[in-house]
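Please take these sequences and the hints and turn them into a complete structure.
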Amino acid sequence: MVMYESLYSRCTSSDPQSVCCGPPRKLVNNTNLKCRGLLTASPPDPNSQCCGRDARVGNKITGAGFTFNAEDLMFKPFDVLGGNETTVDQYPWLALIEYTKDNGPIRTMCGGALISGRYVLTAAHCVTGQILSYGSPRNVRLGEYDTSHVGKDCAVVEAGGEDCNDGIVTIGIEESIPHSDYNKNGQNSKNRNDIALIRLAQSAPFTDFIRPICLPSVDTARNPPNPFTLFAAGWGAVSETQPSSAIKLHVDLPYVSPDTCQNAYRAPGRNVALWKGQMCAGGQPGKDSCKGDSGGPLMYENTDKRIYEVMGVVSFGPSPCGLPDIPGVYTKVYEYDTWIRSQIKV
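Numbered by the working numbering, the letters in the sequence shown go through residues 31 to 376 in order.
If you are wondering where the hints come from, they were derived from the structure by calculation, not from laboratory data.
The structure presented is a predicted model; accordingly, all values stated were derived computationally and were not measured.
Note that CB positions come from ideal geometry on N, CA and C, so glycine has one too.
There could be a bad hint or two in this list.
[Claimed, not checked] In the DSBU-like style, the derived pairs of lysine-lysine whose C-alpha atoms are separated by at most 35 Å in a straight line are:
(1) K214 - K182
(2) K214 - K306
(3) K220 - K182
(4) K131 - K64
(5) K306 - K182
(6) K306 - K220
(7) K335 - K306
(8) K214 - K375
(9) K375 - K306
(10) K335 - K131
[Unchecked claim] Just the calculated beta-carbon pair ranges, DEER-fashion:
(11) S166 - E115: 44 to 52 Å
(12) R296 - D211: 22 to 30 Å
(13) E204 - A276: 24 to 32 Å
(14) A189 - W305: 40 to 48 Å
(15) K335 - D196: 23 to 31 Å
(16) P298 - D196: 47 to 55 Å
(17) R296 - G134: 39 to 47 Å
(18) G202 - Q292: 36 to 44 Å
If you want it as structure tokens, here you go:
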């Protein structure tokens, strides 16, 4: 439970039987205070409560004369392609990568996930190769919800109040680090080692709307729970005719076993040989990560620890997106834990 401390207390009644219970004028999230001091370049320990905690834990929602803790709205099932709008403060680790070319306009073509105070996890194909012909990665945008709006974003919540973020934080990129073996493909392989880190030029803040996701501590896919539901989120294509969404969306995707996924990609016209560094999810009609979601996280909600872990990185999938029985393919983060930690400069 996230505890709050009231910084202000006022009692205006002279009645000795009165009760002073008005909403505090200011709330302090003790977890936020603790994690601001602990957040470094290294990924946080999942047991620290400083990663993977959906921002609805401890966030305040305001309405007509009231303020309340939004933790009760967390960990509820919800009904990207085929996805729904998130709340303002869901998935606070989501990042957008900004690209520019020849001092032209800023474009956002990939996503990522904040994994520490200085590093964003993304796909190698988002920082090297063909994408560089369209622009070079310059900045990372954090705390985004509605890309069509400047300033604070607000949305109505189910309790009837209004939830608003703090606006975006844009941080320059100090270094892009694609895996050195990216695209060194074997026969019929595709996008192997499609993983990269982005080192930020300065530390990201730790707020209700910007915080890291946890790296996986175990290989959950080795002995998957039943059901094993994963989640993708971002601002990617909503349909084949709508290439992006202004609002952050999310979708639930079933885990697909390696054998089932490999069978799907053996079909004529695909003929892709998958390997241990890749995992699959989806394969349901009309529900998928899609163009513009590349580099974003495939997430698992660990309800025992009440945290989210990044299981995969969006790599490639069927075209068009969301074809039945053709899952999306993701870089399996657990297989790259040693590589990730070896690249981090503290």
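*Against the earlier hints, flag every one the structure doesn't satisfy and list their numbers going up.*
The structure breaks hints 1, 3, 4, 5, 10, 11; every other hint is satisfied.
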